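This is what each chain is made of:
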Amino acid sequence: MSTKAVSLFDREILLKAIADSFRKLHPRHQLKNPVMFVTLVGAILTFFQLFTSKEPFGYVLQIALWLLFTVLFANFAEAVAEGRGKAQARALRDSRRQLVAHRRRKDGSFEQVDATDLRKGDVVRVIAGEQIPGDGDVVEGAASVDESAITGESAPVIREAGGDRCAVTGGTRVLSDQLLIRITADPGEGFLDHMISLVEGATRQKTPNEIALTILLSALTFIFLLVIITLKPYGVYAGVGFSITALIALLVCLIPTTIGGLLSAIGIAGMDRLLQRNVLAMSGRAVEAAGDIDVLLLDKTGTITLGNRMATEFVPAPGVALPRLADAAQLASLADETPEGRSIVVLAKEEFNLRGRDLAAPHVQFVPFTAQTRMSGVDLAAIDGQPARSIRKGAAENVRAWVENQGGQYPSAVAGAVDAIAREGGTPLVVAEDREVLGVVFLKDVVKGGIKERFGQLRAMGIRTVMITGDNPLTAAAIAAESGVDDYLAQATPEMKLRRIREEQSAGHLVAMTGDGTNDAPALAQADVGVAMNTGTQAAKEAGNMVDLDSNPTKLLDIVEIGKQLLITRGALTTFSIANDVAKYFAIIPAMLVGVFPAIAPLNIMRLASPLSAILSAVIFNALIIIALIPLALRGVAFRPIGAAAMLRRNLFIYGFGGILIPFIGIKLIDVLINAVHLV
Amino acid sequence: MNNLNSWTQLALFVGALLLITKPLGLHLVQVLDAQGRTWLDRVVRPLERATYRVCGIDSEREQGWQDYTISMLLFSLAGMLLTYFILRYQDLLPFQSLFNPQKLPGVNPHLAFNTAASFTTNTNWQFYGGESTLSYFSQMVGLTLHNFTSAATGIAIAAALVRGIARHTAQTIGNFWVDVVRITYYVLAPICLVFALVLVSQGMIQNFKPYTVAKTLEPYTTSVQKTDDAGKPVATADGKPVMVDQVVDTQTIVQGPMASQIAIKMLGTNGGGYVNANAAHPFENPTPLSNFLQMLSIFAIPSALTWYLGRTVKNQRHGWAVWGAMFILFLTGVLVAWQSEAAGNPIHQTLGVAAADGNMEGKEVRFGIFSSALFATVTTDASCGAVNAMHDSFTPLGGLVPMFNMQTGEVIFGGVGAGLYGMLVFVVLAVFIAGLMVGRTPEYLGKKIEAYDVKLVMIVLMVLSTTILSFTAWAAVADWGKAALNNSGPHGFSEILYAFSSCVGNNGSAFAGLSGNEMHWDTTTGLAMLIGRFLMIVPILALAGNLAGKKLIPASAGTFQCEGFTFVALLIGTVLLVGALTFLPALAMGPVVEHYLMHAGTLF
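Residue numbers (my numbering), protein chains in the order written: chain L, 9 to 688; chain Z, 4 to 607.
Honestly, the hints are just simulated from the structure, not real lab data.
Careful, some of the hints might be misleading.
Taking lysine-lysine pairs in the PhoX-like style, the calculated list, with each CA pair at most 25 Å apart, reads [what the hints assert, rightly or not]: (1) K218(Z) / K40(L); (2) K485(Z) / K317(Z); (3) K485(Z) / K240(L); (4) K62(L) / K240(L); (5) K214(L) / K229(Z); (6) K218(Z) / K214(L); (7) K229(Z) / K212(Z).
Everything numeric in this text was worked out from a predicted model, so none of it was measured.
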């Protein structure tokens, strides 16, 4: 799967877009965009002028054609954006075409069906070498899965029943073992299908901000329509017979065709850019909201730190032998598949040559980690003269509570060791056996390079970062200080996350977060932008409004930038479009009046050659500027992580002041050109 | 323009304006808070309480925007009907000898409608000569009442909008009745009391005497149209008027309660003159000092309201930014008008007339070019409409400035209250367009600007431009429209355009060449005034209600800044590009064409 952008000038897309530009002339499509609809009607009326107007035939024809081009160029912009989005999505969709599924019958046997016939709730079997036919949850088995088709990441990942790693995506390939998968989405409702519909102009829903902008543009169009209609009676008063062609030309030049023509392309291109970064959005609204985010809740692991904390040291409690601590820690970690758990097993093996033991023994009962107990461990029933043992490892205060509940003592030396480790930014894991605290395991956390600078940029943009971690407050503070994050939430449970989001929101903030576990689902649903990791559970994916196929929590920062870029591009082109009107007035108004009032000639400050060439030049400029701005609309205005004040100053200068200036130059150049080749 | 005296006057005016902005603004903050304390409490508070008791106003209860709007509309409707009937039947009311010593007859229906609409909407457009049409009672009660209430209504609505901006997750935007009572009692009445006395000290009259008839020192003979016994003009068979000589040796000098009306006419940006000549009349504007104070009083409350805005939204720099945008637009207007008038009319100059003085036509010699240009700019910026010179006689570009000022929507300081709420509409629009460019959904002082807000803002702008343009178009081609014109060609067109710009903008000044008081003109301008006032206020109050209900987004480095030079430039750009640019074609057909034609040697 390519993660690269489709080229801006891909031949195939352009050819298709040209054909689509004509198809989109259909009134039903045009009615959605009042600005372009008025332009189209203007073009048609001008064609009728060919038969009634006393003006030169060639001139009226050229005006009519350029007005038509204006509409076509706008259609073309939208078609190119769609084409690129579809190409991007098609590459993803191709990956799961013509899949064959083995669906389980009621009697337990399997039948071979087409993947498109699968329905929600079906259970399918996928064995090594086969592709997974649809999105779903693993209900039985564990296997390594190649998800490179979706994520571009070549290393296979483990998918297994239960827990947070049960979700699989259609189109990925099982490399080893076999899985039973319950399909969770009907075909056509998968994330990908949803995303494809978002880049298709026909079915796309306008986002709230687009709706507001459309109201503005429609109202301006209405006002200018009235300006033009009233010009006719003013002309009657003054004895100037304004030609219909000139009035329509002025109208189309004044209404905001530039932004009106590019608005939908900008929106679609925003979705494209997300797709290029392998993020699927559930709605355009979510992308827009991403720009407004001012609080980011970031999971420490994987985003701020390199991910896996590694056990590096055993610190025994007073009077406890080091090997005993290592042994107990290893026992408690054998069933712990987290990287931390595995690193404890490895450390014990390396330092004390302790080997794994018989896990299947009936007297061994593993106690899994839960977010509530924040401990995991093992219970060993009494057997072979050995007494029953209960070993726990976990967060200091939970283990302390557990020990003290049984009447045990929590040695102050252990508390000291816990604090020391936490102060160094490590994670202390206290190990206890029954009533006795054995010691502490030092899990070390490594902060990602460059993350501090990134947070600095976010701060400059007015975005506050909050680190979410299960660590104790001391550890969290140390890592927060090292990484430069603004705030942290230590010893976070899913409930605390949810509460924190609600607090931030009630203070008026807009919150984004990433999550993968099922217990993240409520928080993902509550957040304004919830990005679910593709590796996460189906529940998490359904709760969020975006899915990151790469499962890279740092992606949240990109998503915010894309959202901002989308809004900036819209604002910049609106400003540009409105500012353009000044020059167009100066081109057309003198041209319309100079016939009756020759004295007004000095108002033609661009010194355009003749009234006809002035009007034609303005119309041509108005059409060509749409084409010229397509690349900007599709790529988006460059985003810089500077404060709002600096950004406003910069963009206002470029698109506001530039918007006033550029058409003066452009119209003059076109006028020189069309007079040189005698078009009028 | 290298006239030290004029520059000094300008500097004094700006300095004085700056000086009063904060103290008056602070006073407004206290008055517009229903629980606020002012230094007038000891005297006025009992009166205020008594008013509430008599009128049955629950001063503790605030209103939502719908209630506020309904109260405002009912109040305005009642006032308009009252004035309509006073004017219609001014000759039948009691105490005629005191209140109507000139025995003026009742006003005809369409003029009464026009005048009632005019004063209710704070426009004070006058299709009549006050001294020859209205009794003292009509002036003092029928009109002066509105000078207070329409001004108080404007300020109340501005306050309601500012509260909507400042509050969050709130249901109410204040109590209309309390606002109107407090503004009248604590701001308008006390200031006018003092101001009227100051004006009297300058020589302005205040009495109930009948008009004085004086023998002129130098009788002269003039040619007038002969009238028959019924007062109809006599014409010859071919339609030419029959002229007779008449010796003029007496002069009727106006009398009456002038100072009391002039104080509120200026302070409340009403502008309706006591006499037809308005502030050009020596009684209405006796001295240079009275001229200066009248100009200052026009801008006083609009300027102070920007300070009120800053204080109320807890961002004084925002208040000053709005003030700054208004000020730059004002200053530009003054300089252009002054320059155009000082340059004068090239045709006059080639004829050797008044070459050095610039264009003195239609100006009082005692005020001169600069004071006339400054007054014209102030009065049209602020939707006051009082005049001390005839705008109709300005050079084309000098006359373009007042017209342009009104077409911005009267937001350059603007009418009391109306200027602020009009400018805030542009602020919201500027924030919406440019706010996107910082990469967030546009926010105005912590409130998201969404589709509904944009809709309301655009309704206001559409009402403004379409009403002016459409009525102008109608009048320009209709016989009734052209019949009222004093001048032909582009200048005649300017007269029509000016009239409707003035009425929709609730300004009230006129290009004096237009002779109205005819059914069509009375009705169309009356409607234009009502539309320009109420079709703008209702969406603005809806905006206030909607903003008040929104959540507040805390500010951060990513927040759009509504202050500083960038914002001022943005706001000016929005007023010019989105607001005024709409009128460019119309202006091109009027003053712009006229300007070029004048330089080519053609007059109208």
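- Message: Please list, smallest to largest, the hint numbers that this structure does not respect.
- Response: 1, 2, 5, 6 and 7
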